[in-house]
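S.K.: Line by line, the protein sequences are chains A and B.
Last residue of the first sequence: number 199 in UniProt numbering, and the count goes up by one each step with no gaps.
Last residue of the second sequence: number 199 in UniProt numbering, and the count goes up by one each step with no gaps.
Honestly, the hints are just simulated from the structure, not real lab data.
Quick list of in silico lysine to aspartate or glutamate cross-link-like pairs, DMTMM-like style, CA-CA up to 25 Å:
#: 1; chain 1: B; residue 1: LYS18; chain 2: A; residue 2: GLU116
#: 2; chain 1: B; residue 1: LYS18; chain 2: B; residue 2: GLU7
#: 3; chain 1: B; residue 1: LYS124; chain 2: A; residue 2: ASP162
#: 4; chain 1: A; residue 1: LYS18; chain 2: B; residue 2: GLU116
#: 5; chain 1: A; residue 1: LYS124; chain 2: B; residue 2: ASP162
#: 6; chain 1: A; residue 1: LYS124; chain 2: B; residue 2: ASP164
#: 7; chain 1: B; residue 1: LYS47; chain 2: A; residue 2: GLU110
#: 8; chain 1: B; residue 1: LYS124; chain 2: A; residue 2: ASP164
#: 9; chain 1: A; residue 1: LYS124; chain 2: B; residue 2: GLU159
#: 10; chain 1: A; residue 1: LYS47; chain 2: A; residue 2: ASP91
#: 11; chain 1: B; residue 1: LYS47; chain 2: A; residue 2: GLU113
#: 12; chain 1: A; residue 1: LYS18; chain 2: B; residue 2: GLU113
#: 13; chain 1: A; residue 1: LYS47; chain 2: B; residue 2: GLU110
#: 14; chain 1: B; residue 1: LYS47; chain 2: A; residue 2: GLU22
#: 15; chain 1: A; residue 1: LYS18; chain 2: B; residue 2: GLU110
#: 16; chain 1: A; residue 1: LYS47; chain 2: A; residue 2: ASP27
#: 17; chain 1: B; residue 1: LYS124; chain 2: A; residue 2: GLU159
#: 18; chain 1: B; residue 1: LYS47; chain 2: B; residue 2: GLU110
#: 19; chain 1: B; residue 1: LYS124; chain 2: A; residue 2: ASP156
#: 20; chain 1: B; residue 1: LYS124; chain 2: B; residue 2: GLU76
#: 21; chain 1: B; residue 1: LYS18; chain 2: A; residue 2: GLU113
#: 22; chain 1: A; residue 1: LYS47; chain 2: B; residue 2: GLU113
#: 23; chain 1: A; residue 1: LYS47; chain 2: B; residue 2: GLU22
#: 24; chain 1: A; residue 1: LYS124; chain 2: B; residue 2: ASP156
#: 25; chain 1: B; residue 1: LYS18; chain 2: A; residue 2: GLU110
#: 26; chain 1: A; residue 1: LYS18; chain 2: A; residue 2: GLU159
Number of protein chains: 2
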Amino acid sequence: MDRRREELLAAALELFSKYDAEDVSIDDVAAAAGASRALVYHYFGGKQELYVAALRSAAVELEARLRPSGDGAVIEELRAGLARYFDFVEDHAAGFAALLRGGPANRAGEVGEIIEGVRRRLVKMIMGRMRVDDPSPALRVTLRSWIACVETAGLDWLESRDVDRGVLERLLVEQMVALLGVAARHDGRVEGLVADFGR
Amino acid sequence: MDRRREELLAAALELFSKYDAEDVSIDDVAAAAGASRALVYHYFGGKQELYVAALRSAAVELEARLRPSGDGAVIEELRAGLARYFDFVEDHAAGFAALLRGGPANRAGEVGEIIEGVRRRLVKMIMGRMRVDDPSPALRVTLRSWIACVETAGLDWLESRDVDRGVLERLLVEQMVALLGVAARHDGRVEGLVADFGR
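Here chain A stands alone, though its shape is the one from the complex:
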C-alpha cells in the first residue's frame, strides 16, 4: 500500500484513539503526519471516510492481536487474549469509549458494520478454538453475550478505573466459564466443551 497513505492513517488512528472524533480535524491529522490538508483530502475524501478507514485499521489490529495461537488450554488462551484486549482498550482509550458510547453523529451503516464484523469474527475465532463448526442456538447466544460482557467491562473500566485490570480480566474468564455452564444445562453438547476448557 501507498506509504504516504499509511502514514496519514497511522496519524489519524493515533488522534482518534486519544480524542473524541469531533475534536479531531483534518488539519490536526495533516499536521501530525507532516502533510498538507490537501493530501488528506486526496487520499480520503473527507473526515468521515478518514474515520472509517482508521476504524477499519484498528479492527484489523485488534483481530491480529486476538488471534489464538492454538497452543495451551482454551482457558489459558482466553486469559492471554483478554490481556491483549485490555492493552488494546488502553492504547485506544478515548476512541474506544467514544465509539462504544456513541461517538460522532453521522455514523449509521459503515461504522456499525465494522463493529458487528469484529464481533462476528471474534465469536468465530472462539468457536474455532473450541473446535465447533455449527453452534447450537444456546452456544451462539452465549458466545455473543460474552463478547458483549467483554465490551461492557472494557467501557466500564475506562469510565470508572476503580477496578484493577487484572481483576476484571479474571472476572471475565470466570464469566465465560459460568455462562458456558448455563448453556450446558440447555444443550448437552456444550457440556463436553466446558470439560475441554481447561485442557
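Fit chain B to the given chain A structure using the hints.
M.R.: Below, chain B without anything else, positioned relative to chain A:
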C-alpha cells in the same frame, strides 16, 4: 399533552417499530395518522426529531413495563420482567433490531443518550429491588453486563428465531444467577445478595 401530537407520535412509533427508520418517510407517518405532512413538520421539525421523540416514548413505555412490583422473590420478578421485555421486543421487532444491531455502537448523540439512559435506569431498578444503594465495582460491572446479555439475546432471537422465547428467558435468569455467583467470588457483599435472590 396535545392530542394531535400524541396521535402523530403513536403512528410514528408503530411505523418505526415495523420498519427500518430509513424506510419510513414523513409522508408515511402523516398518512398513518390521517394528517398532513405540514402538521408533522409543525410538531416535530423533521424526521430525525420525530425518530428521537418516538424512541423516547418507546423508552418510557419499556421502563413502565419493567418497573418491579416489589412483591415476590427477586428471581420471580426477574422472570416476569423478562417476559414483559420480550413482549416489548416482539411488539417493536424491526425497530428494536435496527436500533441495537451494531450493538452498543451505531448510534449518534441523542439516540445513544436515550439508550444509555434506559440501561442506567434498568441497572438502578434492579439495584433498588436488591436493596443496594452503592454497588461495588464487581456488582456494577455484573449488572451492566447482564443488561448487555439481555439485549444480545433479544437481538439474536429476532435475527434467528430458532430458540423458544421461554427457553431464552430461562437462560437469561440462569445467566444472572451465574454472573452474580462470579461477582460474589470477588466481593463478599454480593454473596448475601445471591442468597436473598430466591427469597
